[in-house]
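Chemist: Protein chains in written order, with the UniProt record's numbering: chain A, 1 to 415; chain B, 1 to 546.
In case anyone wonders, no lab produced these hints; they're calculated from the structure. Built from N, CA and C at the ideal position, the CB exists for glycine as well. Don't take every hint at face value.
[To be verified] The following label-pair restraints were derived from C-beta to C-beta distances:
no. : chain 1 : residue 1 : chain 2 : residue 2 : range
1   : A       : P73       : B       : I92       : 45 to 53 Å
2   : B       : I526      : A       : D276      : 40 to 48 Å
3   : A       : K278      : B       : G387      : 32 to 40 Å
[As the list claims (entries may be wrong)] Quick partial rundown of chain A residues pointing at chain B, CB under 8 Å, derived from the structure:
no. : residue
4   : Q114
5   : T162
6   : R248
7   : P377
8   : A397
[Unchecked claim] Some, not all, of what chain A presents toward chain B, calculated at C-beta under 7 Å:
no. : residue
9   : P112
10  : K190
11  : A392
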Amino acid sequence: MRIRTAGVVALFALALAASGCGDSDEPAAKESPKAAGGKLVIWADDKRTAALKPFAEKFGQENGVTVEVQAVPNEDLQNNFVTVSSQGGGPDVVIGAHDWIGNLVQNGAIDPVQLPDEQKAAFNETAIKAVTFNGQLYGVPYAQENLALIRNTELAPEAPKTIEDLVATGKQLKAQKKVTETLCLQVGQKGDAYHIYPLYSSAGGYLFGTTANGDYDPKDLGVGKPESIAAFKKIAALGEKGEGVLKRSIADTNSTATFTGKKCAFLVSGPWATADVKKAGIKYDVSAVPGFAGGKAAAPFVGVQSFYVAAKGKNKALAQEFVVNYVAKPELAVALYQADPRPPALTAALDQVKGSDPDLAKFIEAGKNGQVLPAIPAMAAIWDPFGKAEAAVIGGADPTSTVTAAGKTIAGSIK
Amino acid sequence: MSTPLSGPGSAQQAPGRGPVRTGSPRTSRTARNHAPITVAGLAAKVILLGLVAGIAIWAAFPLVEAEMWVWLAVLVLTTAALFYLYLGRRHIPAKYLVPGTLFLIAFQVVPVLYTASTAFTNFGDGHRGSKDDAIVAIQSSSVKQVPGSAQYPMSVATKGDPATGALVFLITDPQTNTVSVGDARGLRPLDPGAATVAPGGKVTAADGYTVLNVGQASARSKDITDLVVPTAGGALRSSGLSRVYEGKAVRAYDAGCDCVKDSDSGRTWTADGEVGAFVATDGERLAQGWKVNVGLSNFTRVLTDERISGPFLGTLIWNFAFAIGSTGGTFILGMLIALALHSPRMRGTNLYRMLLILPYAMPSFAMLLVWRDMFNTDFGLINNLFGLSVDWFGQDWSARAAVILVQLWLGYPYMFLVATGALQAIPRELTEATSVDGASPWQSFKAVTLPLLLVALSPLLISSFAFNFNNFNAIYLTTEGAPFPADNPSNGATDLLITYTYRLAFGGQAAQFGFAAAISLFIFAIVAVVSAVSFRRTRQQEDVYA
Numbered sequence: 001m002r003i004r005t006a007g008v009v010a011l012f013a014l015a016l017a018a019s020g021c022g023d024s025d026e027p028a029a030k031e032s033p034k035a036a037g038g039k040l041v042i043w044a045d046d047k048r049t050a051a052l053k054p055f056a057e058k059f060g061q062e063n064g065v066t067v068e069v070q071a072v073p074n075e076d077l078q079n080n081f082v083t084v085s086s087q088g089g090g091p092d093v094v095i096g097a098h099d100w101i102g103n104l105v106q107n108g109a110i111d112p113v114q115l116p117d118e119q120k121a122a123f124n125e126t127a128i129k130a131v132t133f134n135g136q137l138y139g140v141p142y143a144q145e146n147l148a149l150i151r152n153t154e155l156a157p158e159a160p161k162t163i164e165d166l167v168a169t170g171k172q173l174k175a176q177k178k179v180t181e182t183l184c185l186q187v188g189q190k191g192d193a194y195h196i197y198p199l200y201s202s203a204g205g206y207l208f209g210t211t212a213n214g215d216y217d218p219k220d221l222g223v224g225k226p227e228s229i230a231a232f233k234k235i236a237a238l239g240e241k242g243e244g245v246l247k248r249s250i251a252d253t254n255s256t257a258t259f260t261g262k263k264c265a266f267l268v269s270g271p272w273a274t275a276d277v278k279k280a281g282i283k284y285d286v287s288a289v290p291g292f293a294g295g296k297a298a299a300p301f302v303g304v305q306s307f308y309v310a311a312k313g314k315n316k317a318l319a320q321e322f323v324v325n326y327v328a329k330p331e332l333a334v335a336l337y338q339a340d341p342r343p344p345a346l347t348a349a350l351d352q353v354k355g356s357d358p359d360l361a362k363f364i365e366a367g368k369n370g371q372v373l374p375a376i377p378a379m380a381a382i383w384d385p386f387g388k389a390e391a392a393v394i395g396g397a398d399p400t401s402t403v404t405a406a407g408k409t410i411a412g413s414i415k
Numbered sequence: 001m002s003t004p005l006s007g008p009g010s011a012q013q014a015p016g017r018g019p020v021r022t023g024s025p026r027t028s029r030t031a032r033n034h035a036p037i038t039v040a041g042l043a044a045k046v047i048l049l050g051l052v053a054g055i056a057i058w059a060a061f062p063l064v065e066a067e068m069w070v071w072l073a074v075l076v077l078t079t080a081a082l083f084y085l086y087l088g089r090r091h092i093p094a095k096y097l098v099p100g101t102l103f104l105i106a107f108q109v110v111p112v113l114y115t116a117s118t119a120f121t122n123f124g125d126g127h128r129g130s131k132d133d134a135i136v137a138i139q140s141s142s143v144k145q146v147p148g149s150a151q152y153p154m155s156v157a158t159k160g161d162p163a164t165g166a167l168v169f170l171i172t173d174p175q176t177n178t179v180s181v182g183d184a185r186g187l188r189p190l191d192p193g194a195a196t197v198a199p200g201g202k203v204t205a206a207d208g209y210t211v212l213n214v215g216q217a218s219a220r221s222k223d224i225t226d227l228v229v230p231t232a233g234g235a236l237r238s239s240g241l242s243r244v245y246e247g248k249a250v251r252a253y254d255a256g257c258d259c260v261k262d263s264d265s266g267r268t269w270t271a272d273g274e275v276g277a278f279v280a281t282d283g284e285r286l287a288q289g290w291k292v293n294v295g296l297s298n299f300t301r302v303l304t305d306e307r308i309s310g311p312f313l314g315t316l317i318w319n320f321a322f323a324i325g326s327t328g329g330t331f332i333l334g335m336l337i338a339l340a341l342h343s344p345r346m347r348g349t350n351l352y353r354m355l356l357i358l359p360y361a362m363p364s365f366a367m368l369l370v371w372r373d374m375f376n377t378d379f380g381l382i383n384n385l386f387g388l389s390v391d392w393f394g395q396d397w398s399a400r401a402a403v404i405l406v407q408l409w410l411g412y413p414y415m416f417l418v419a420t421g422a423l424q425a426i427p428r429e430l431t432e433a434t435s436v437d438g439a440s441p442w443q444s445f446k447a448v449t450l451p452l453l454l455v456a457l458s459p460l461l462i463s464s465f466a467f468n469f470n471n472f473n474a475i476y477l478t479t480e481g482a483p484f485p486a487d488n489p490s491n492g493a494t495d496l497l498i499t500y501t502y503r504l505a506f507g508g509q510a511a512q513f514g515f516a517a518a519i520s521l522f523i524f525a526i527v528a529v530v531s532a533v534s535f536r537r538t539r540q541q542e543d544v545y546a
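Assemble the whole structure, with the sequences as input and the hints as a guide.
Modeler: Now the structure itself:
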């Protein structure tokens with residue numbers, strides 16, 4: 001009997017599987033319109049879900065609609081969203097980084113939003129620029145972030161003006177056996193384009209040129225150009241075969257821990273690192289990532305977190321209402337800041353929290369020279385080859401041939 | 001794990017070459033042809049078959065809705081066949097075979113066929129949906145606010161029932177506070193005084209109209225987004241539920257020329273069915289494309305693209321070395337330990353066994369990450385412990401040795417377990433007989449134990465080989481393929497074919513599922529050939545030793 005039962009169980013599971021295959025075209029939710037108004041589904045990552053929930057519920061109660069905030073892990077969010085969207089389903093509102101926009105637009109997953117000018121003016125200018133793509137506003141920003149130099153003020157009381165200053169201080173501390181590393185800037189075996197970019201830009205390198213209207217131009221690739229080779233030569237001089245300041249052994253997994261363990265006096269990281277630093281009880285200060293002496297100002301990438309209206313959402317009008325009129329309220333931005341301490345993009349919200357958190361203003365100041373992280377789909381082709389070229393150069397490879405090869409690889413995968 | 005792994009009693013276990021995994025007896029007790037019908041059995045059958053019927057009905061509705069008649073027929077036939085089969089007393093063999101076969105079809109054959117069919121398309125980012133989807137996306141993302149125009153407060157209203165009536169926008173001009181009614185025919189003014197306007201400009205009530213609240217309006221979301229009020233400069237569209245803006249779709253699809261025209265710049269992009277995109281004369285493509293059949297181009301790209309085919313052979317050789325090294329290394333180590341613990345003179349075997357299984361019991365994900373950190377040049381445990389400064393993941397051979405070492409640590413407990421099981425299935429009389437005949441322990445191992453072990457373990461070794469051949473995590477969570485040659489960032493020294501293809505398909509501009517599917521078919525072919533050859537050889541071996 002047992003096996004026969006097992007067969008029936010199997011059958012049951014099979015029927016389930018079969019139905020799973022068949023119902024890809026599930027009919028649109030057909031609740032009677034009179035029942036409890038519409039429903040708004042929001043996708044966010046775990047941290048933001050918690051912060052958003054009370055506001056979403058309030059919005060729902062005030063307006064007689066059901067709001068559902070669903071937590072999706074950050075690393076899967078974009079991909080899951082694009083996948084369900086191409087099947088014609090998914091959420092009405094999505095929260096994510098602005099550099100997703102290029103990919104979301106090419107997959108027809110999000111719609112532009114229309115903010116009146118006075119509302120646009122309430123946001124930080126960089127943030128609005130970041131969510132503008134092909135001349136259209138695709139999201140409503142709520143927070144922005146960029147790299148800065150976090151230093152242990154007990155070891156290094158003065159903010160270094162240049163990389164050379166930083167290296168001199170770090171070396172001195174190292175000679176005094178106070179630290180074991182000059183600088184904690186994560187590289188890893190695969191490199192890290194995001195974290196090296198301030199130095200790369202200071203040394204004269206660029207990723208994409210800009211078109212007449214200020215958008216990034218995928219046809220003008222800076223990697224592999226003479227400027228980029230010159231920049232990588234400067235980076236190589238700081239590498240393992242040079243000054244030993246940049247090392248592949250310092251990676252995303254141990255960079256902050258090395259700093260909080262007082263093994264280095266300088267850490268290049270973003271607002272997300274301050275929580276750990278505070279927890280370790282380290283006296284620290286935040287300043288801009290310094291550039292090379294005589295070079296350009298170091299430009300960290302500025303990233304923006306934003307709300308998007310899904311193109312295939314069931315309730316687009318409500319989603320627009322939520323994103324355009326509700327998200328732009330300072331209270332929500334402050335709550336999201338408390339969930340995850342990144343500087344709010346809404347000027348009024350920033351002013352509110354600035355007083356209690358002096359780091360915020362410093363991070364914004366550090367991002368003053370920053371460049372908006374390119375959102376064009378071609379950017380996805382940069383990360384991996386660029387990072388690897390960086391790791392190779394830091395490990396002692398010849399900058400000219402390495403960067404030229406990386407440039408070719410990148411150009412080859414840009415359509 | 002209730003069965004002891006070994007112990008004094010286990011030596012008496014009947015000899016057999018069946019599955020060596022402990023703990024699951026493979027035979028059942030009674031013949032079932034005339035098994036008595038028990039209440040529990042009957043109830044289970046009724047409930048489960050009822051569920052099958054219920055699920056079939058539940059699955060049928062969407063199929064009817066989508067007019068997928070073929071699938072509906074398949075569903076009906078399958079369900080009917082299952083009922084016929086399990087309600088009758090005949091067709092006993094089929095009762096056993098059908099579930100397995102159906103599972104095989106659902107979970108093996110269909111995915112393989114789906115992968116194969118994907119390999120002939122350009123499915124990927126920017127080419128996910130249909131052409132119609134792309135056109136909708138292009139048009140709706142080109143709606144721009146007319147330069148210099150303002151946004152106006154708006155309320156959604158209707159003359160009929162809020163749930164079904166035709167909708168209008170009640171639009172207030174904030175300058176003059178006059179209210180207009182807008183619908184698909186255009187904008188016309190409402191009598192002054194007929195509407196109550198709240199501060200901020202939103203109409204809260206109007207004579208003859210029911211103003212919808214947010215809840216009611218949100219239930220009509222699609223009607224609201226679709227309502228476009230034509231004006232001289234463009235059209236008023238809703239932005240949410242409380243504002244309208246004057247917008248204009250800059251790009252429009254023209255079915256006549258099968259092209260998209262931009263009214264601002266005057267440019268034209270013509271549909272190209274070969275690549276699934278709208279392409280301008282200068283080669284510029286619109287980002288929103290659609291999925292098309294591209295024939296063999298994914299396969300030819302693998303073979304002809306220098307960057308892909310160039311490092312392919314080297315990667316393939318290392319891939320074999322990795323799979324053989326991981327499987328062989330873990331097998332030899334596991335077997336040696338199993339042999340040592342199998343010796344009757346060994347004491348404390350259970351403690352040893354427990355300790356040896358530990359690596360197997362820990363999640364390999366976490367262990368791989370821990371190992372990666374242990375190999376760190378400056379901060380890693382290995383270098384610190386031994387006072388080395390080896391750049392483990394920075395050099396080709398040290399990185400390769402490191403990943404194989406990690407695999408060895410992760411994998412030998414499994415081999416130890418299965419070898420222990422298999423050893424216990426080899427009757428001691430055989431080895432005792434050889435020693436009576438005067439064979440040395442080595443001779444007896446070589447002539448009796450090892451061949452019998454291999455006969456029992458070969459299928460496991462082959463499956464372990466196939467698993468390690470595609471062991472994505474082992475590389476991706478440790479070296480991520482590093483070190484990479486300075487001149488080729490797409491292929492590293494420890495890259496397996498699977499990590500290499502993952503990078504090719506998803507590491508570039510966007511996810512290219514079609515291309516990834518084509519490469520996985522290549523890998524599938526390689527693994528299938530290797531497995532087929534190995535199984536063939538195993539069978540020959542079995543014929544000799546059986």
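Chemist: Work down the list of hints and note, for each, if the structure agrees.
Modeler: Evaluation of the provided hints:
1. P73/A to I92/B: 45 to 53 Å: This hint holds: roughly 47 Å between Cβ atoms.
2. I526/B to D276/A: 40 to 48 Å: holds (45 Å)
3. K278/A to G387/B: 32 to 40 Å: holds (35 Å)
4. Q114: This interface hint holds because 4 Å falls under the 8 Å limit.
5. T162: violated (25 Å)
6. R248: Holds: closest Cβ of chain B sits about 6 Å from R248/A, inside 8 Å.
7. P377: holds (6 Å)
8. A397: Holds: closest Cβ of chain B sits about 4 Å from A397/A, inside 8 Å.
9. P112: holds (6 Å)
10. K190: holds (5 Å)
11. A392: holds (4 Å)
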